[in-house]
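Chains as they are written, first to last, in this note's numbering: chain A, 4 to 123; chain B, 4 to 123; chain C, 4 to 123; chain D, 4 to 123; chain E, 4 to 123; chain F, 4 to 123; chain G, 4 to 123; chain H, 4 to 123; chain I, 4 to 123; chain J, 4 to 123.
Honestly, the hints are just simulated from the structure, not real lab data. Predicted model, so just to flag it, every value in this text is computed and none were measured. Using N, Cα and C, we set each Cβ at its ideal position, and we do this for glycine too. Certain hints may be false.
[To be verified] Across the chosen pairs, the derived CB separations fall in these ranges: (1) A/T45 with H/P121: 31 to 41 Å; (2) G/Q122 with H/S38: 46 to 56 Å; (3) C/N71 with H/S103: 52 to 62 Å; (4) A/T45 with J/P18: 39 to 49 Å; (5) H/S38 with G/P121: 46 to 56 Å; (6) D/R19 with G/E9: 53 to 63 Å; (7) A/E72 with I/Q118: 46 to 56 Å; (8) H/S38 with E/A8: 53 to 63 Å; (9) B/Q40 with D/G39: 11 to 21 Å; (10) I/A8 with F/R19: 25 to 35 Å; (11) C/N71 with G/P121: 40 to 50 Å; (12) G/G73 with A/D92: 35 to 45 Å.
There are 10 protein chains.
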Amino acid sequence: MADRAEIETFKNPHPRRDYVIEHHVHEFTSMCPKSGQPDFGTILISYVAKATCLELKSLKLYLQGFRNEGIFYEDVTNVILDDLVSSCDPKWMLVESTWSVRGGIHSVVRAQHGQPPPQP
Amino acid sequence: MADRAEIETFKNPHPRRDYVIEHHVHEFTSMCPKSGQPDFGTILISYVAKATCLELKSLKLYLQGFRNEGIFYEDVTNVILDDLVSSCDPKWMLVESTWSVRGGIHSVVRAQHGQPPPQP
Amino acid sequence: MADRAEIETFKNPHPRRDYVIEHHVHEFTSMCPKSGQPDFGTILISYVAKATCLELKSLKLYLQGFRNEGIFYEDVTNVILDDLVSSCDPKWMLVESTWSVRGGIHSVVRAQHGQPPPQP
Amino acid sequence: MADRAEIETFKNPHPRRDYVIEHHVHEFTSMCPKSGQPDFGTILISYVAKATCLELKSLKLYLQGFRNEGIFYEDVTNVILDDLVSSCDPKWMLVESTWSVRGGIHSVVRAQHGQPPPQP
Amino acid sequence: MADRAEIETFKNPHPRRDYVIEHHVHEFTSMCPKSGQPDFGTILISYVAKATCLELKSLKLYLQGFRNEGIFYEDVTNVILDDLVSSCDPKWMLVESTWSVRGGIHSVVRAQHGQPPPQP
Amino acid sequence: MADRAEIETFKNPHPRRDYVIEHHVHEFTSMCPKSGQPDFGTILISYVAKATCLELKSLKLYLQGFRNEGIFYEDVTNVILDDLVSSCDPKWMLVESTWSVRGGIHSVVRAQHGQPPPQP
Amino acid sequence: MADRAEIETFKNPHPRRDYVIEHHVHEFTSMCPKSGQPDFGTILISYVAKATCLELKSLKLYLQGFRNEGIFYEDVTNVILDDLVSSCDPKWMLVESTWSVRGGIHSVVRAQHGQPPPQP
Amino acid sequence: MADRAEIETFKNPHPRRDYVIEHHVHEFTSMCPKSGQPDFGTILISYVAKATCLELKSLKLYLQGFRNEGIFYEDVTNVILDDLVSSCDPKWMLVESTWSVRGGIHSVVRAQHGQPPPQP
Amino acid sequence: MADRAEIETFKNPHPRRDYVIEHHVHEFTSMCPKSGQPDFGTILISYVAKATCLELKSLKLYLQGFRNEGIFYEDVTNVILDDLVSSCDPKWMLVESTWSVRGGIHSVVRAQHGQPPPQP
Amino acid sequence: MADRAEIETFKNPHPRRDYVIEHHVHEFTSMCPKSGQPDFGTILISYVAKATCLELKSLKLYLQGFRNEGIFYEDVTNVILDDLVSSCDPKWMLVESTWSVRGGIHSVVRAQHGQPPPQP
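Construct the entire structure; sequences and hints are all you get.
Right under this line is the structure:
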């Protein structure tokens, strides 16, 4: 896990308003630590920024860093949440991973940090 | 019901955070105890783990154990919930079964254990 | 309305847990009392059982009993709810009927008995 | 089968051009001659008229005449084709019936009279 | 606006239960008062009746009365709500109009009268 | 039928290549000559131009001219084809009208002029 | 493969017309001969009858006979085609099996007997 | 940002009722300030008016003013909200922008002003 | 039209086999030469290469060159076809443009060069 | 390209009938040789076997071998076709790759070997 790309941030252009930013990652792949087979999934990152926002290109490179890493669904979801919370210190963040079918079963894992904002 | 596979668990990698794990089982089949005909359905298992998580392969084998068992929709949904709660002792668990059409009617049964987590 | 089939019930296999049972009836037809034309619709029956559950085959036959009966949308929805509540005495029940297009308009009628259970 | 409504026709307003007329019947019901249970389906009628066109309201009433008649899928499709060909003498006609699920199987029956027109 | 059809009502067959009646109007057209061009939309009418229900055929004729009337989206939605509330005096009513695309934009207007019922 | 707008045309910018132009008209309404009720439909116009192309705005105004005209489905489809063929003299033209549900039936009428081009 | 149910047939009610009969089997399951795991799929049976038609209930029971049989996708599709051709001697028959995802891949196998009829 | 069109308003025709107006903008394009590449998105504007409503044509022209402007997703969403709040002073307003895929990721930004109205 | 980007090509890696390459362009915008309003559409480019293939990034930049150009649907489709045929000299090429709704009508224009390959 | 897995085959169980076998590969990833970024796509393999069929598990492993290989869309489609033709010598084979969006464009490449079978 040593060489995952740095996540960059930029200054939140409207810090006085609590607004929601969502990034829907259509293409995510990592390896199953048990079988050594590739896993394919999608990732939703939803958050309310404080002072900084996630820069999109570095986010993409960071997520590509899992491509050849063996890691469980439950683990990778929480690791991404921890890493993104560290890098941009949001008021609230949700990470949801949805995985393609394995053995007739597909899985979804959802982890959040902080209090979700009121829904419009 | 004697020879259903053992459900294995593994250590929750992030036990200090309440996060949701969902397994969507696309292929489930059991037998109707009345007519002896096969029933086909899908099963959603959604839960918040405490110390252990459900291991996916043993979960699949456990569910395959119903293939030739005669059991009602209402019963099998609750039996699965009871068995999974016993094996991994979750903070919360929902089991929802959705059944294919019989006589122009399809049925859904939803049972849960514990308090559902706040939705993001 | 004299010859509608009897609705049978069976013993709730898990009476100590409040769980939801839904029957989605894809094929329902009755007659318009005004025009004498057939009406086509679908019916959703959702409930939390107390001591007894609705038996599916007798439910189907009961609903077929409306095939040649002239009755308004608003009326049939409430009549089905009343009849099913009488036969299985649920903690909660919802009956929702959805009707096909007439004169460029389609209608939905929703009636319930008791307090709805908390949603997962 | 004695009391099925008469199918009326009207004069083809553009008889010199071969054009296609389709009627998609969303609501059709008859009875299974074996089980006595109702069957539900949809009917597509597609044709190229010669001198006369099918009048829509009488077509609807004609099709409602099957409501309480026991007849197989294969039979009713051909009977409708025969009856409509008799009443409007088209250059070409297709009748396609699509039936709802019975025992995990749904069926489609397609019969035609004459040569189909070239597709655009 | 002089010649809009009268809205008829009929006696609520189950006045002691608060149940929801929805009419989804697929075909609505009026005129833009500014450009003189036709507007096309759909209308949802959802309500809980007190003593009387809206009669469907007269509702259809009433709505057809807007066909050649020049009126804004925001206005027609509120006018329909006012007229229907006057004619059937419901406990609650929602009128929602959805309009087809104009200049790359489609609009939705939603107005209600009274307190919405608890959702099942 | 006297005051239907003139259909304008413009010079085909690429007359040496046979290419296909389709206009999908989402909003069309006329009146049923029998019941006096409004009909709603969509119209597809597909053609290969010779020297001139249909101008879109005048086409829209021409089609709006049917708004208060009583005319059958079969007739209006052929009338539109005749009028458009007169105005732009295409190598090939197809007019297809699709009508909303009446009495549980929706209809489609398809008429063409000339030889359809080879499909890609 | 010894105990698969007999396929019954009934007399083709309209033998003088070549018409198409399709049965879409939504629920099919057999076993993988290699892994011993269950396979889930759907089967389309499309045919033009000569003297006899496939009886639907016995067809369903025949297909249920594969439930605990280990057989490859390619094999079972051809075996079903051979068995059905033997039992009803059609002018033409197509059997198409569609299988659920295994290892990120889903498969379809299509086999036919005789000449397909002209499409409408 | 100098030459963006003026947003016009008109008098709210029903100011005594709190009702919701939504404009779904299907076509929005601006430029990425970093790469200079065009961005494509859709914009939802939902609000409850006080004294004035947004005029649709000037709204469209205002939004077209971003066509050649370099601006981030997070910024443009908040700028539109600020500009629209200034021009019509609503009780509540939501602006939601949804952007097309860039690098396998699509983004959504949601900002609101004031308290959302109770949902029907 | 002076400053549209150069279209680059690369060597066809398998020139001895006739295979089909399709590029589906989701985001295309130009200006209406009559109204000065922006047009939005999608473009499909499908071709069989001879010696060279279209390079994707330069294709994207070339198409962005229409962003502020006033040009009719029929014209731009043929211009793109001419330009791409010039740059890569294909055995066959189809350009299909699909435009968003204007005045309740959306349009599609389809032009091709050479003989289409046999469909699989 | 040295270490791609061997593709295994098994004996065609019904070699005397020409039937179609399709494998739809939902998860495929390789690298862009220009940008070094990962590409994601799906692959359809459709063929008529002669003496041998493709073994599914080895096919999956073979395709996983492209995970870290830099190769163009056009090239990988033809390489897969060549490799699969070499390993199972089919009567006919089609390989179709569909790629996810890059720069607002998604691409499809389709290559075949031999004569396609008649479609049912």
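Worksheet item: Broken hints, numbered, in rising order?
Response: 12
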